[in-house]
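Let the hints inform the model, and build the full structure from the sequences given.
If you want the building blocks of each chain, they are given just below.
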Amino acid sequence: GEEVAQTPKHLVRGEGQKAKLYCAPIKGHSYVFWYQQVLKNEFKFLISFQNENVFDETGMPKERFSAKCLPNSPCSLEIQATKLEDSAVYFCASSQSSGRNNQPQHFGDGTRLSIL
Amino acid sequence: DQQVKQNSPSLSVQEGRISILNCDYTNSMFDYFLWYKKYPAEGPTFLISISSIKDKNEDGRFTVFLNKSAKHLSLHIVPSQPGDSAVYFCAASEYGQNFVFGPGTRLSVLP
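Chains as they are written, first to last, in the working numbering: chain A, 1 to 116; chain B, 1001 to 1111.
Since the hints were derived computationally from the structure, they do not count as laboratory data. Honestly, I wouldn't trust all of these hints.
Restricting the straight-line Cα-Cα distance to at most 30 Å, the calculated cross-link-like pairs of lysine-lysine (DSSO-like) are [as the list claims (entries may be wrong)]:
1) A:K44 x A:K62
2) A:K40 x A:K68
3) B:K1056 x B:K1068
4) A:K9 x B:K1005
5) A:K20 x A:K40
6) A:K27 x A:K44
7) B:K1005 x A:K62
8) A:K44 x B:K1071
9) B:K1005 x A:K44
10) A:K40 x B:K1068
11) A:K18 x A:K83
12) B:K1005 x B:K1054
13) A:K68 x A:K83
14) A:K83 x A:K20
15) A:K44 x B:K1054
16) A:K20 x A:K68
17) A:K40 x B:K1071
18) B:K1005 x A:K40
19) B:K1056 x A:K44
20) A:K44 x B:K1068
Residues from chain B that keep clear of chain A, each with C-beta distances beyond 10 Å, as calculated [to be verified]:
21) N1027
22) K1068
23) S1074
Across the chosen pairs, the derived CB separations fall in these ranges [to be verified]:
24) B:A1070 x A:N72: 43 to 49 Å
25) A:Q50 x B:I1018: 38 to 44 Å
26) B:A1041 x A:Q80: 26 to 32 Å
27) B:E1015 x A:Q80: 47 to 53 Å
28) B:Q1081 x A:Q80: 42 to 48 Å
29) B:Q1003 x A:Q80: 28 to 34 Å
30) B:R1106 x A:K9: 18 to 24 Å
31) B:K1068 x A:S97: 35 to 41 Å
32) A:Q17 x B:S1028: 39 to 45 Å
By construction, the Cβ of each residue, glycine as well, lies at the ideal position given by its N, Cα and C atoms.
Spelled out as structure tokens, the structure:
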């Protein structure tokens, strides 16, 4: 598609439950990025993919968070055993390329995750 | 420690005047910079970018200036319009990877 599509728009989970967020990048974009925005503050980089391969995961919490980008499927970000502090808006972005061939990232509208 | 700073949380400008949004960074390895605009309940929208080999890039009403020695960039919007009212984020990256975002500046353009 022409836009980055994130689903669902809003996800509510009880503390300790699993949360799974989805992202369909723009068609033809090879790179996918996940960011976490807590309380309208700055975007915290989590992980990026080049096609189905992890490109950079330096921002991913070592526990409970995982992500995948499988062929012919939306990318996903999964949080196991959610905590109150996981409440945030999770943004996905995609770009045609990375590295020296600089291209801007195009963002989806985000998934608001509320942990109760 | 924040690598990308936007020291003005908010800015108000009269319609038709120039809006100047500022951004400072600390990592001298950053070589690609972008500005995004964000409306409530939407994702950031890419506005304009600049590579470290340039000191100015212009696109319509939007101009970005880069001062590498001062590690400072600014976004100029002229003339400002009410539809420009949004939160503006500065982002920086090294080799086009791992974009680091500033905390944003809320711009209000008053009619």
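Right, here's what the structure says about each hint:
1. For the hint linking K44 of chain A to K62 of chain A, the alpha-carbon distance of about 15 Å falls within 30 Å, and the restraint holds.
2. The straight-line distance between the Cα atoms of K40 of chain A and K68 of chain A is roughly 26 Å, inside the 30 Å bound, and the hint therefore holds.
3. Between K1056 of chain B and K1068 of chain B the CA atoms are separated by roughly 11 Å; this keeps the pair inside 30 Å, and the hint holds.
4. Restraint check for K9 of chain A and K1005 of chain B: the C-alpha separation of about 29 Å stays at or below 30 Å, so the hint holds.
5. As the CA atoms of K20 of chain A and K40 of chain A are separated by approximately 21 Å, the hinted pair is consistent with the 30 Å bound.
6. A distance of roughly 25 Å separates the Cα atoms of K27 of chain A and K44 of chain A; the hinted pair therefore holds under the 30 Å criterion.
7. Only pairs whose Cα atoms come within 30 Å are accepted, and K1005 of chain B paired with K62 of chain A is accepted, the gap being roughly 27 Å.
8. A threshold of 30 Å between alpha carbons decides the hint, and for K44 of chain A with K1071 of chain B the separation of about 21 Å falls inside it, so the pair holds.
9. At most 30 Å may separate the alpha-carbon atoms for a hinted pair to count; K1005 of chain B and K44 of chain A meet this at roughly 14 Å.
10. Taking the CA atoms of K40 of chain A and K1068 of chain B, the gap is about 28 Å. The hint holds against a cut of 30 Å.
11. Of the pairs offered as hints, the one joining K18 of chain A and K83 of chain A holds, with about 10 Å between alpha carbons and a cut-off of 30 Å not exceeded.
12. Straight-line distance between C-alpha atoms of K1005 of chain B and K1054 of chain B comes to about 21 Å, which keeps the hinted pair within the 30 Å bound.
13. Taken as a hint, the K68 of chain A and K83 of chain A pair is honoured in the structure, with Cα atoms around 21 Å apart against an allowance of 30 Å.
14. Among the hinted pairs, K83 of chain A with K20 of chain A is consistent with the structure: their alpha-carbon atoms are about 14 Å apart, no more than 30 Å.
15. Between the alpha carbons of K44 of chain A and K1054 of chain B the distance comes to roughly 27 Å, so the proposed pair stays at or under 30 Å and holds.
16. Restraint check: the Cα-Cα separation between K20 of chain A and K68 of chain A comes to about 11 Å, which is no more than 30 Å; the hinted pair holds.
17. Pair hint K40 of chain A plus K1071 of chain B holds up; C-alpha atoms about 25 Å apart against a cutoff of 30 Å.
18. A C-alpha spacing of about 15 Å is found between K1005 of chain B and K40 of chain A, which places the hinted pair at or below 30 Å, so the restraint holds.
19. With a C-alpha separation of about 27 Å, the suggested pairing of K1056 of chain B with K44 of chain A holds against the 30 Å cut-off.
20. As the CA atoms of K44 of chain A and K1068 of chain B are separated by approximately 24 Å, the hinted pair is consistent with the 30 Å bound.
21. No beta-carbon of chain A is positioned within 10 Å of the beta-carbon of N1027 of chain B; the least distance is around 14 Å.
22. Separation of K1068 of chain B from chain A is adequate, the least Cβ-Cβ distance of about 16 Å exceeding the 10 Å criterion.
23. Consistency note on S1074 of chain B: stated as away from chain A, and its beta-carbon is indeed over 10 Å from all of that chain's, at 18 Å minimum.
24. Restraint check, A1070 of chain B to N72 of chain A: a C-beta distance of roughly 47 Å satisfies the suggested window 43 to 49 Å.
25. At about 40 Å, the CB distance of Q50 of chain A to I1018 of chain B agrees with the hint of 38 to 44 Å.
26. In this structure the hint that A1041 of chain B and Q80 of chain A lie 26 to 32 Å apart at CB holds, the actual value being about 27 Å.
27. The hinted range of 47 to 53 Å is satisfied by E1015 of chain B and Q80 of chain A, whose Cβ atoms lie roughly 49 Å apart.
28. Range check, Q1081 of chain B to Q80 of chain A: about 46 Å between beta-carbon atoms, so the 42 to 48 Å window is met.
29. Hint check: Q1003 of chain B to Q80 of chain A, Cβ distance near 30 Å, so the stated range 28 to 34 Å holds.
30. Range check, R1106 of chain B to K9 of chain A: about 23 Å between beta-carbon atoms, so the 18 to 24 Å window is met.
31. Remark: the range hint 35 to 41 Å for K1068 of chain B to S97 of chain A is contradicted by a beta-carbon distance near 24 Å.
32. Against the hinted window of 39 to 45 Å, the Cβ-Cβ separation of Q17 of chain A and S1028 of chain B comes to about 44 Å, which satisfies the hint.
When each numbered hint is compared with the structure, a violation occurs for hint 31 only.
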